[in-house]
Amino acid sequence: MNNLKILLHITKKRSVFVVATLFFLSIVLSSLSVLSSSSFFAPVVSAQAVKEAPAAGVELPQFDPAQAPAAAQGTESSAGTTTAAVEEEEVGPVQYRTFFGLDSRVVVWIVSELHLMFAAFVLGVPIFAVIVEIVGYKGGDIKFDKMAKEFTKLLSAAFATTASLGGLLGFCLYGLYPEFMGHMTNVFAPTMYVYALMFFGEAFSLYGYYYSWDILKGTPAKKWSHITLGVMLNLFGTGLMFITNSWATYMMSPAGIVPATGKVVSLYAAVYNLLWMPVNLHRLIANVCFGGFIVGAYAAVKFLGSKTAEERAHYDWMGYVGNFIGIGALIPLPFAGYWLGREVYSASPVMGNIMMGGAFSWTFIIQAILIGMLFIGANYYLWLGMGRIKGSERYTGYIKFLVLIIFMCFAVWLTPHNLPLSGEERAMIGEQYHPFSKYFGVMAAKNAVVNLIILATFFSFLIYRRCNKGETVPFSEQGKSGKIGVMSAVIFCLLMLVSYAVSLSFVELEADMKVFVKPLIRCLYIQSGMICFAAFLTFKSKGKLAQSLLFAVTALMAVLYFWYYGFQVMQKANVVLRYLSVTQVAMVMSCLIMNAFIDIFTFRKAKLIGGIVWGKMPVRSQYALIMLCVVIVILMGLMGFIRSGLRMDWHIYGVLQDTSPWAYTPTLAYMGRIVGLIVALFLGLVAFVFWLAGLGDKKSKAHEGGYDDAISGGDH
Amino acid sequence: MNKSMLKITAFAVAIIGFYIYITVYVAGLSGTGGGESAGGVNPEAGEKVFWGDGQCSTCHKIGTSGSASRGPDQDGLASRAEERAKELGMPTGLDYLVESMVEPEKYIVKGYDKIMPKVYDPPIMLSREKILAVIAYLQSLGGEPDIGAIMKYKDKIPEASKKKVKPWVPPVVVDAKEGEKVFFDDTRPVTCGKCHVVNGKGKKVGPELTGIGAIQTAEYFLESILKPSAKIVKGYETMFVITTDGIPYNGLIKSETDQELVLLQEESGSMEEVVIPKSDIAEMKKQDVSIMPGNIGELLSVRDFYGIVSFLQSLK
Chain A
1 MNNLKILLHI TKKRSVFVVA TLFFLSIVLS SLSVLSSSSF FAPVVSAQAV
51 KEAPAAGVEL PQFDPAQAPA AAQGTESSAG TTTAAVEEEE VGPVQYRTFF
101 GLDSRVVVWI VSELHLMFAA FVLGVPIFAV IVEIVGYKGG DIKFDKMAKE
151 FTKLLSAAFA TTASLGGLLG FCLYGLYPEF MGHMTNVFAP TMYVYALMFF
201 GEAFSLYGYY YSWDILKGTP AKKWSHITLG VMLNLFGTGL MFITNSWATY
251 MMSPAGIVPA TGKVVSLYAA VYNLLWMPVN LHRLIANVCF GGFIVGAYAA
301 VKFLGSKTAE ERAHYDWMGY VGNFIGIGAL IPLPFAGYWL GREVYSASPV
351 MGNIMMGGAF SWTFIIQAIL IGMLFIGANY YLWLGMGRIK GSERYTGYIK
401 FLVLIIFMCF AVWLTPHNLP LSGEERAMIG EQYHPFSKYF GVMAAKNAVV
451 NLIILATFFS FLIYRRCNKG ETVPFSEQGK SGKIGVMSAV IFCLLMLVSY
501 AVSLSFVELE ADMKVFVKPL IRCLYIQSGM ICFAAFLTFK SKGKLAQSLL
551 FAVTALMAVL YFWYYGFQVM QKANVVLRYL SVTQVAMVMS CLIMNAFIDI
601 FTFRKAKLIG GIVWGKMPVR SQYALIMLCV VIVILMGLMG FIRSGLRMDW
651 HIYGVLQDTS PWAYTPTLAY MGRIVGLIVA LFLGLVAFVF WLAGLGDKKS
701 KAHEGGYDDA ISGGDH
Chain B
1 MNKSMLKITA FAVAIIGFYI YITVYVAGLS GTGGGESAGG VNPEAGEKVF
51 WGDGQCSTCH KIGTSGSASR GPDQDGLASR AEERAKELGM PTGLDYLVES
101 MVEPEKYIVK GYDKIMPKVY DPPIMLSREK ILAVIAYLQS LGGEPDIGAI
151 MKYKDKIPEA SKKKVKPWVP PVVVDAKEGE KVFFDDTRPV TCGKCHVVNG
201 KGKKVGPELT GIGAIQTAEY FLESILKPSA KIVKGYETMF VITTDGIPYN
251 GLIKSETDQE LVLLQEESGS MEEVVIPKSD IAEMKKQDVS IMPGNIGELL
301 SVRDFYGIVS FLQSLK
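The listed protein sequences derive, respectively, from chains A and B.
Mapping of the first sequence onto my numbering: residues 1 to 716, in sequence order.
Mapping of the second sequence onto my numbering: residues 1 to 316, in sequence order.
Partner residues are not named here, just some residues of chain B that face chain A (Cβ under 10 Å, in silico):
# : residue
1 : Ser4
2 : Gly17
3 : Thr58
4 : Met125
5 : Ser127
6 : Val173
7 : Lys177
8 : Ala214
Just so you know, these hints were derived from the structure itself, not from any lab.
All residues carry an ideal CB built from backbone N, CA and C; glycine is no exception.
With the sequences and hints as input, model every part of the structure.
See below:
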């Protein structure tokens with residue numbers, strides 16, 4: 001140990017190269033020890049070495065001997081170290097740099113958002129591609145396979161752009177925020193090597209997946225091998241995202257370190273910090289949604305430029321599939337978002353208040369507008385899509401009610417709790433908040449309408465599905481698969497509802513609070529009973545009645561009753577609100593899952609009134625798809641700003657302060673301009689990448705055309 | 001570029017433009033204007049700071065909004081500021097508001113403790129503009145804000161400190177999560193959670209401690225646990241009551257009406273409510289001894305003690 005200290009002391013004075021070498025070696029050693037160890041704890045020696053031998057220009061958090069009896073703890077804080085600290089001060093470690101005189105924060109903001117957007121595309125589209133490939137293979141429909149391949153080709157080009165932007169982001173961060181990155185490297189060095197290795201894995205599996213497409217087909221074994229490659233691509237991609245999420249969430253809810261020294265106590269705790277899993281889940285679902293809507297927009301652009309009916313039909317179908325996957329992921333997204341928000345509160349109530357009641361509360365009004373646009377756009381596309389299906393006339397009457405419900409919900413969602421009132425207005429009203437609007441601005445109301453929008457969107461999808469379906473066959477004719485399918489849904493829903501009801505019975509609360517939990521438990525049991533009753537009706541060939549009853553009971557309890565009860569809870573037992581929200585989610589999810597299964601097995605083998613005329617879509621439907629894509633990109637930019645901005649003037653919340661000149665929260669107007677610029681840049685780059693990827697096709701088509709002409713010319 | 005691509009580009013640009021318009025519009029609506037910095041100087045921006053970044057609401061309430069009682073209720077502050085200014089020989093109430101932000105310990109209202117931090121210093125570190133916005137908001141409470149006059153005091157407000165916060169380090173290695181467990185551990189003879197609420201958990205007998213780490217130091221927590229009577233949070237002083245029958249009661253006032261007084265009194269480790277008709281009260285006196293047990297330090301191991309302090313520090 002003494003030798004190591006002497007060596008480190010010399011390296012600080014003499015050679016940056018040796019420092020860097022030692023730094024590298026220590027990280028390699030620590031990453032090797034991580035790999036060889038069953039536990040995921042950072043070795044103290046390597047962390048200490050990193051702390052004591054910072055790279056040039058990187059000031060690592062210094063341990064202050066005056067703050068605690070460090071010697072008693074065995075911490076290395078001898079006089080020698082103090083001298084070294086003084087010497088470092090003389091050198092003048094750099095905390096911040098500017099980007100050729102530009103605002104460093106804006107540079108990092110733009111580059112990181114662009115990188116994240118491309119990464120979302122690169123992570124979301126493979127999930128989409130593999131699902132589509134499996135569906136195509138199982139259904140024997142070649143057009144699914146073609147579409148999956150078409151998107152994987154786009155991925156290859158986007159992947160290189162993502163990597164380039166990632167490199168640029170890394171250089172920007174290390175160059176512009178050296179102290180902050182010193183801290184991050186100190187904590188996360190081992191994971192950075194794992195990240196690099198997984199990046200290789202993703203690159204190899206992506207290119208393997210794409211280039212082996214035609215080779216690995218013909219036999220089931222070959223096709224499944226190819227699908228396995230696609231699954232591996234997704235696993236590597238998801239792993240990469242999880243690693244980077246641990247870095248980002250650590251900045252919000254740091255764990256596993258001694259704040260004063262930056263000493264890593266547990267790398268596992270730093271990675272698995274409080275917000276890690278909620279962000280992982282939220283981003284995973286959001287990426288699928290993002291991928292779906294990007295595919296939809298790509299199809300829409302191609303549709304609008306189509307010259308033949310065949311092309312239009314192909315791209316219309318592609319747009320439908322993209323929108324379907326986008327909506328499919330959009331429906332559970334608010335639930336994941338709610339969990340994330342709740343955990344932000346758990347991580348820091350101050351951060352939670354800043355988010356929902358402080359500086360960032362208005363950003364959620366903008367978020368509500370964007371999410372409202374997504375839901376309205378996706379529903380609008382479905383309603384327009386009914387026009388290409390014979391027999392849809394029977395259901396078009398529902399649309400006006402759905403429009404009404406969605407817009408009303410949207411209005412409630414938009415209502416802020418704390419509408420800014422002037423002193424005069426306050427005096428007139430006599431209280432802090434508006435006496436009417438305040439009831440629509442609170443969480444109970446917002447949760448209720450979000451659930452109602454989700455139920456309404458799902459209803460839109462169900463009526464779309466059954467547009468061309470006529471008379472259904474008795475359930476007994478659905479065979480074993482029908483019974484197994486419906487019973488599986490029942491078991492899954494009951495497990496979810498009953499297990500949560502039981503867990504609520506044992507929740508640790510004071511007796512006067514616990515009484516507020518009892519209605520939740522009762523509702524969960526009623527919903528469980530309804531699930532069983534719906535299954536019973538389905539078995540009796542009354543699936544449509546079962547669906548209607550399930551919708552009605554869920555809407556009555558999860559939306560109307562909990563809207564009212566939410567107010568009671570907020571006033572008398574606020575701590576119960578979190579259980580109420582989860583109960584709502586569980587009930588709505590059970591309704592969606594059960595109704596989906598009933599729908600599948602009620603309408604399977606039903607008489608077809610007419611086919612779907614692919615390509616028979618109005619132009620405005622394609623603009624709806626484009627709007628969905630642009631809006632989800634904007635939403636991603638906005639949410640990135642919120643997540644990052646919640647730390648206020650901290651690089652790492654409560655641990656490492658941001659003392660740069662840019663340590664203030666920009667106004668919404670400024671944020672809007674920057675996010676708008678980022679979105680325009682991203683869409684422009686995506687269009688460019690797609691154009692590049694399409695060049696090869698044009699060339700080969702031209703070549704084939706020329707070759708054909710030559711052959712036909714020769715024939716003549 | 002063909003015609004359809006031009007239309008698509010125009011459509012996408014229109015959506016982005018609409019988004020930018022919405023953000024500018026909402027920025028105006030929320031009182032943050034279209035400027036480049038946080039919020040601007042106006043009562044609406046100040047209100048947000050008061051209830052948000054400024055952490056003011058941890059200690060102050062405004063009428064029926066908020067429930068904190070560590071500091072004075074700020075309802076109608078503008079007119080009181082004028083009175084205080086006259087008493088202190090200052091030209092205007094605005095001078096008083098500014099001075100009490102710059103040097104809070106010099107202008108402590110009688111009956112309250114010296115607990116207000118300098119909001120431009122760590123850990124709150126409000127920018128100059130935000131402090132001015134808060135002053136505008138405080139002026140609007142019972143008066144009319146005068147932004148022009150406020151801006152003249154700009155140079156009197158110190159710039160937010162860029163000093164780094166050096167977190168307190170406990171002398172033994174402890175985990176805040178373990179401290180949280182001890183805080184709410186019902187199996188112990190004395191549990192903090194029986195009297196203090198943190199994030200909705202616990203009982204509200206003593207002051208709520210949600211977000212306390214953002215405004216108080218570790219030294220304050222150490223003292224409050226070891227010597228609870230050294231600083232008693234306003235509104236949580238123990239009341240000594242003797243009834244006409246000579247029965248003594250010692251506890252916290254939970255509620256008080258013209259007819260009755262409800263006291264929270266400690267009974268074998270838990271807090272029980274005692275309702276005393278006002279007509280039965282012979283004597284009632286505020287005491288300078290906290291109801292919080294003074295021997296908590298003895299009931300905790302060193303690790304548990306510092307664990308609780310670490311947990312309280314983490315409540316930011």
